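*Asks:* Hey, can you work out the whole structure from these sequences and the hints?
First to last, the protein sequences are chains R and U. Once you know that position 222 of the first sequence is 222 in UniProt numbering, the rest is easy, because the numbers rise by one and skip nothing. Once you know that position 53 of the second sequence is 53 in UniProt numbering, the rest is easy, because the numbers rise by one and skip nothing.
FYI, nobody ran anything at the bench for these hints, they're computed from the structure. Treat the hints loosely; a few may be bogus.
Claimed, not checked - In silico DSSO-like cross-links for lysine-lysine, where the CA-CA straight-line distance does not exceed 30 Å: (1) R/Lys62 with U/Lys211; (2) U/Lys148 with U/Lys211; (3) R/Lys386 with R/Lys371; (4) U/Lys93 with R/Lys371; (5) U/Lys211 with R/Lys378; (6) U/Lys93 with U/Lys72; (7) R/Lys386 with U/Lys121; (8) U/Lys211 with U/Lys123; (9) U/Lys72 with U/Lys266; (10) R/Lys378 with R/Lys492; (11) R/Lys386 with U/Lys148; (12) U/Lys123 with R/Lys412; (13) U/Lys93 with R/Lys62; (14) R/Lys62 with U/Lys72; (15) R/Lys386 with U/Lys211; (16) R/Lys386 with U/Lys123.
Only a predicted model underlies this, so the values are computations on that prediction, with no experimental measurement involved.
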Amino acid sequence: MTARLLWPGLAALSLILAALVAQMPGWALLPPAALHLDMAAWVSAAMVWLVEQATFGLFTVKQATRALAAMIEWPYEAARVLLVDGITEGRGRKAVTLVPPLSWIAVTVAMGTLGVYARNLWLGLGVGALFLYLAVFGQWESAMITLASIVIAVPIGVMGGLVLGVAAYLSPRFDRLQSPVLDLMQTVPTFAYLVPILFLFGFGPVAALLATVIYAMPPMVRITTLALRSIPPEINDFARMVGCTGWQRLRKVLLPAALPDLMVGVNQVIMLSLNMVIIASMIGAGGLGFDVLNALRRLDIGAGVEAGLAITALAVALDRLSQALALRAGLPDAATGSWIKRHPKTLAVLALVLATGLLGLVWPWLQTYPKAGELSTKAFWSDLVKSININYFDQLEAWRTFVLTYMLLPVKRFLLALPWPWVVALVTLAGWQLGRARLAALCLGLSLFLVAAGLWEQAMTTVYLCGVSVVVAVLVGLPLGVLAASNATAGKVIGGVIDTLQTLPSFVYLIPVVMLFRVGDFSAMTAVVLYALAPAVRYTAHGLRAVPEELVEAGTVCGCTPWQVLTRIRLPMALPDILLGVNQTIMLALSMLVITALVGTRDLGQEVYIALTRADTGAGIVAGVCVAALAIIADRLIAAGAAQARARLGMGGDA
Amino acid sequence: MKQTLRMVSLALALAPTLALAEVESTDPIKLTLHDWTGQLITTNIMAAVLEEAGYNVELVQADYLAQFAGLKTGDLDVAMEIWATTGQEAMDKAIAEGGVVSFGETGMLAKEEWWYPLYMKEKCPGLPDWKALNDCAALFATPDTAPKGRYLGGPVTWGGFDEERIAALGLNFEVIHAGTDAAMFAELEAAYQRQDPILLWVYAPHWSQQKYQGEWVEFPTYEAACYTDPAWGSNPAATHDCGKPFGPIWKVGWAGLADKWPGAAKAVQAFTIDNTAMSAMIAKVDLDGVALEDVVDEWMTANEATWKPWIGQ
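*Replies:* Quick look at the structure:
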């Protein structure tokens, strides 16, 4: 009984404490400066040492990183020659093309053929159509620049992920060491480590590539380890019995057996790499990301939307291709005979590459899609936003004021009025209840880190903004998920919208949102909700669909109404999945912080952004780790909560 | 097919004649690109001129302030626009620390100040005098700032001392910081479409001057003493009781440029262009949608007499 009253009691106490804010001593509201460790200065000093003095004996760290950059630059340049630049003589404006890059026809057909190879004609046509879209809407050259960096970043991410994943599989100790690092890679905002990357690897596309790899690699590592562990032990034993050496076992037995799972990882790397396109373009990657930024800077909403949709098109094409290849990966190749006989499609594509390349010298439209044939929807998008702005602004403004006055501002005031020792105690208590000493220690340590970093106020602002956004996203996402699970057509439509919202760079809708809702917290919240909605919907739908039919039938037989089936059986059974969805929503909301800083929020994201523009390595990393600390606390608490729920429902699992 | 072959051989035959003119080093000179159109134009013009002189040029995306790290070490060579209004501190610091040198003024003058659309003058007749602002505070207010007027300031990183200015001049306004330049002008665009009140930070040269009719608020003119000496100006107890500073846009670069490519350093030093010419080009790119390369090419053809002397031709 007392346990049941504990949290409502604590909540009531918190409200009383917040109401007493005027009487509170200053040290309780904001951690006193004495507790503030100047970690930013330490990190900056360490960085200066690393860049200017650190040495491996024969050569310095900087020389090593620059050499690595040069190694990556080489294949990147090759990809650019193939897709974008061709072989040229001279540089810049004086450049004369000697051998043109692959023509738009060649690339489109090659991608289409890959689709046919991976699955069937329909996929081939679909992928071809998406590439045709890039050409017809005038996005070709930028899209190829982006594609060039993706085709380099993805293999590096996949290979790196494979190596680390295998290492973690072979050595549990390495796994334990690596796990927190992966957590940080996934939760520290990219902006936070852009500056050190620029220092170490120089300005330009290579630095952008590496930032992309850091961001996109962790899921590959995790999936590799997981996939290898889930291989039935019999297969492993069998490989031992037939006398495979360790390397042979890994190369010829384990990795092929895990291939379908590994391809899921590859798919994740591709999607995350495309997520990074915009941020990478800020430090010199060029391509579609740069077009989006550039268009929005001119407030050319239409051009921004078109370039953004081109990223979505590229993402969808690569996603579908990699998924089809993943399914196909398990199947053996049936064709036999000479190389030529076995690879008719490859040959046909090569022939086409040659043909369009040579004929393109005579008929340029074969090489480069003609300007005259380009379509544009630019005016439509700008006019749409304009007409909403002129006709509905008053209603929107009333809505914004309502939400701001009755929801956002009270929550903000409440959270900022809570004394920090109280918040730290609450978080630690929650850790204790859900995961005993280990989790409690983790929660205590991480929240004290926020105190020591001297960013308490920004951290609480972050909690406020993300908290409200997550609540809204879940409130919107749950019903959508229920709808998607109960109706196939609705499911498809909702799925499509959500896929687009997730791959469309958030910058594209950030500017129209600002035009309609002004600079400030409401715009930020809207953008976060739009982006973070997806997992709430997806996991809810997935969880509801996965409820065993027998249970539903049993309920129906007992005379449950559909509403009762939903609220008494389906939703409680789907709870662990829904909680995972909430968890992912929180992670996405936190990862949007840096983007919303661009519309003027004052949270940790803004700190990271300011540090980036001032090239302050230390401040950026400390603020970034603070974001990661919040993410890890939320993640661990929810994971523990989900495990408890699963245990209570008798679903076993990893509880 | 015959024609194709001829074109291929033509292309190959052309190659040797493209050998570069005599320059000190054929290593590419790296010019930085930022995120506003004016800077892209200046940099592309400089790049075109250097290429005419036979240098190899590479254009690199770099953050406005973060680039000083690269300029110090020679990773980056030239930055064409450092505004006295936003970059002076970083520039002075980098020059003082060594590795970076100034290549003089670009000839353009940067102006930044509070700005309002012309239609606001009817609603608030006392403008552009700053003393009229308090009477119109309610006009500029939004529900979340009321009863204070709302002034949309630049991103926090731009500084600008607007909070101090409001306090020193006793203005009944609140500063709302936009996170980025784009967000700021998005609000202006939206307000302008509706002809609604808005007061915000605008800078020039920028395309907004071409697109929107409006005026700067006239504050007491800036002097260095205003920011440091409380006794200066109408409020004897506070600093910042004046408008924003204005000043030249500087060119800076890596100190080693003059040793490695003396001719290029001279050309960068010689580069000048004025606000009018720049504004016209910015408008062409941002408002008329002409490709940036075409605008640069047009300027290069029309102004041969201007740029040839820069490279001693």
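*Asks:* With reference to the structure, classify each hint as holding or not holding.
*Replies:* A quick look at each hint next to the structure:
Between the alpha carbons of R/Lys62 and U/Lys211 the distance comes to roughly 47 Å, so the proposed pair goes past 30 Å and is violated. Annotation: proposed proximity of U/Lys148 to U/Lys211 holds, straight-line Cα distance about 28 Å (limit 30 Å). Straight-line distance between C-alpha atoms of R/Lys386 and R/Lys371 comes to about 28 Å, which keeps the hinted pair within the 30 Å bound. In summary, the hint linking U/Lys93 to R/Lys371 is not supported, as the alpha carbons are separated by about 47 Å, beyond the 30 Å threshold.
Of the pairs offered as hints, the one joining U/Lys211 and R/Lys378 holds, with about 18 Å between alpha carbons and a cut-off of 30 Å not exceeded. Under the criterion of a C-alpha separation no larger than 30 Å, the hint pairing U/Lys93 with U/Lys72 is consistent with the structure, at around 11 Å. At most 30 Å may separate the alpha-carbon atoms for a hinted pair to count; R/Lys386 and U/Lys121 meet this at roughly 24 Å. Restraint check: the Cα-Cα separation between U/Lys211 and U/Lys123 comes to about 21 Å, which is no more than 30 Å; the hinted pair holds.
Distance check on the hinted pair: U/Lys72 and U/Lys266 sit about 19 Å apart at the alpha-carbon level, within 30 Å; holds. The hinted pair formed by R/Lys378 and R/Lys492 meets the criterion: a straight-line CA distance of about 27 Å does not exceed 30 Å. Between R/Lys386 and U/Lys148 the CA atoms are separated by roughly 28 Å; this keeps the pair inside 30 Å, and the hint holds. For the proposed pair U/Lys123 and R/Lys412, the alpha carbon gap of about 35 Å is over 30 Å, so the pair is violated.
The hinted pair formed by U/Lys93 and R/Lys62 meets the criterion: a straight-line CA distance of about 24 Å does not exceed 30 Å. Annotation: proposed proximity of R/Lys62 to U/Lys72 holds, straight-line Cα distance about 15 Å (limit 30 Å). For the given pair, R/Lys386 sits about 16 Å from U/Lys211 by alpha-carbon distance, which is consistent with the 30 Å threshold. As the CA atoms of R/Lys386 and U/Lys123 are separated by approximately 23 Å, the hinted pair is consistent with the 30 Å bound.
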